[in-house]
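> Could you put the whole structure together from the sequences, leaning on the hints where they help?
For reference, the chains in residue letters:
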Amino acid sequence: MSDAAIRVRWQQLSERRRTALIPYLTAGYPTRDASLSALRMVADCGADFVEVGIPFTDPLADGPVIQRSSHVALQQGMSVKGVLELVREAALEIPVIAFGYLNPVLAYGLPRFLEEAAAAGVAGLLITDLPRGEDAELERQVRESDLALIPLVAPTTTDERLPRVLEAAEGFVYVISRLGVTGAVTSLDGGVESAVGRVRRATRLPVAVGFGIASGEQAATAARYADGVVVGSALVRRLDDGVDAARDLMNELRGALKVGAAVAQAVRDEAD
Amino acid sequence: MAEQGRFGPYGGRYVPETLVAALDELVRVYEEAAADRAFQAELEHLLTTYAGRPTPLSEAPRLSERVGCRVLLKREDLTHTGAHKINNTLGQILLARRMGKQRIIAETGAGQHGVATATACAHFGLECVVYMGEEDMARQHLNVFRMELLGATVVPVGSGTRTLKDATNEALRDWVATVTTTHYVIGSVVGPDPFPRMVRDFQSVIGREARAQVLDRVGKLPEWVVACVGGGSNAIGMFHAFLDDSDVRLVGVEAGGDGVESGRHAASLSAGTPGVLHGSLSYVLQDTDGQVLPAHSIAAGLDYPGVGPEHAYLRDSGRVQYYTVTDREAIEAFYALGRTEGILPALESAHALAWVLDSADRWSASDVVLFTLSGRGDKDVAHVAEQAGQSA
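First to last, the protein sequences are chains A and B.
Throughout the first sequence, residue numbering follows this note's numbering, covering 1 to 272 in sequence.
Throughout the second sequence, residue numbering follows this note's numbering, covering 1001 to 1392 in sequence.
Among the hints, a few may not be true.
What the hints assert, rightly or not - Not everything, but these chain A residues come out facing chain B in the computed CB check (under 7 Å): (1) GLN75; (2) SER79; (3) ALA154; (4) LEU179; (5) GLY180.
Simulated from the structure, these hints should not be mistaken for lab results.
All residues carry an ideal CB built from backbone N, CA and C; glycine is no exception.
In structure tokens:
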């Protein structure tokens, strides 16, 4: 375990009383070059972490936008090796979280992937279809690497199971805000507050919320409860209109989160 | 089995966290039901009075003469809805009722599993949604109409390969969103634990009946047991009763499409490598970067780039031998059974038959070959006629 870069970042955020903005981008979408520009753009726009999606032919936890971005990226030849090269070339100052499905990483060879990813500048790993406790050997290999293994908590994760999911968790906890695949919804359901609260009581790690957050308003709502906000499909969709269009959304989100964090702090101060 | 839900290294539950609780619940409810005599009696009653079990064991005298030994057909095509799929859907629908789930989803390739699920849902008054690839809807449109007549909603899947693989992705996406109220009736021995062992247990009625029928009729066990393998449910269902009979040779027949060397096939065990697809570790058709390759078979029910994890284990252990049969050989077998025995087999089952037709030199005249006629061919008649038109 070496989630130093991730821990330092959260420490800075906490000192500045700032909510983390965590964009997701599918590596290689819409093209490799545009993908590289988008990675640099989100870092310039004040992203605190970036999730880089490793495209897979069968993304069964993803909605239509990320499905399509994965398909397009693969058609243009994106590969696991290509993702790592992209991350290396982007040379971002913010921590990079590799996000994807197990099979491409297994085919690449997990030990090799972990070593090369760390060398390329990847700080954490989030595997959608590797729930905690399912494969002790794979989990051990990640824990012994330089990458943090970031856990996902779902609305359906039982109270009984939660401690097991959070046991030896690293980096932060990714809370899925609602049932369903990735992608924008018109309103966040009211479960975010209780979902985040439940995880907070069980861990001291920072808590980020994702799935279905598409606007500044929604991000600000989520920021009242969470330490970080993940925005994926909405940002990927904006890339269809170019990196500048995606930049507008990043600026909107960043602006909204400043307000959101200020409100949350005021609420906490009042409670004190 | 090395541990719960594993077959050697294969199997497991490689699924999004959202589904873990539902799989835990399913394991618990299934294990309770398996030990519950009332549940078993209810299932048995349904299989007997509704699904038409036990299915007959047919002699095939003219076919036997042609291949040089006695061939016996286990007639799953004579079940209600015309394929073995009903054995599993009735069992799973009873479990869904036990869990209080009112909405049922399923994936389907050839449409047989979709029809069997729609049938069981209609029988018990449950809502039914079936995901089906657009390509499969075109080549099996009779089954689309059957599902709709039974009150099911058929959702076309236009993503990816537009066949069974992507229908399964779409069904899993639905389940991730609806898991608290919905049960996903997986149609084969694939997917995350407990599906591979649960579907096997529901299908193992095929082998239990057949083993007893052969012993009763012939006075000995068969030398050969043959079944087609896509996901592998009829094969596992047949093989399971014979796994400990070491003198019985077990043969699984995969879809060779245009020939394994062409790259256009669905032979995951013969030409794939271990990987994770749809929640379990098994053999998968994939490239060196772990991307899943499109499968090809004339039989929509075999047109799948994965296979059940227990087959992966049986392949590695050598207990079952797996072979491939091409589209062309399967069609020839389809015609052959019609003309020699008056039975039109499903194109899926025709693969197993094609291997039997081609294996006269493997056995002696005193051998008995048992093979699963897993489904009837009515659904394929239009497609075969079209193919004949194209090649004429």
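> Against each hint, give a clear statement of whether it holds in the structure.
Quick rundown of the hints versus the structure:
1. GLN75: Violated. Min distance 11 Å.
2. SER79: holds, 5 Å
3. ALA154: holds, 4 Å
4. LEU179: holds, 5 Å
5. GLY180: holds, 4 Å
Violated hint for the displayed structure: number 1, the only one.
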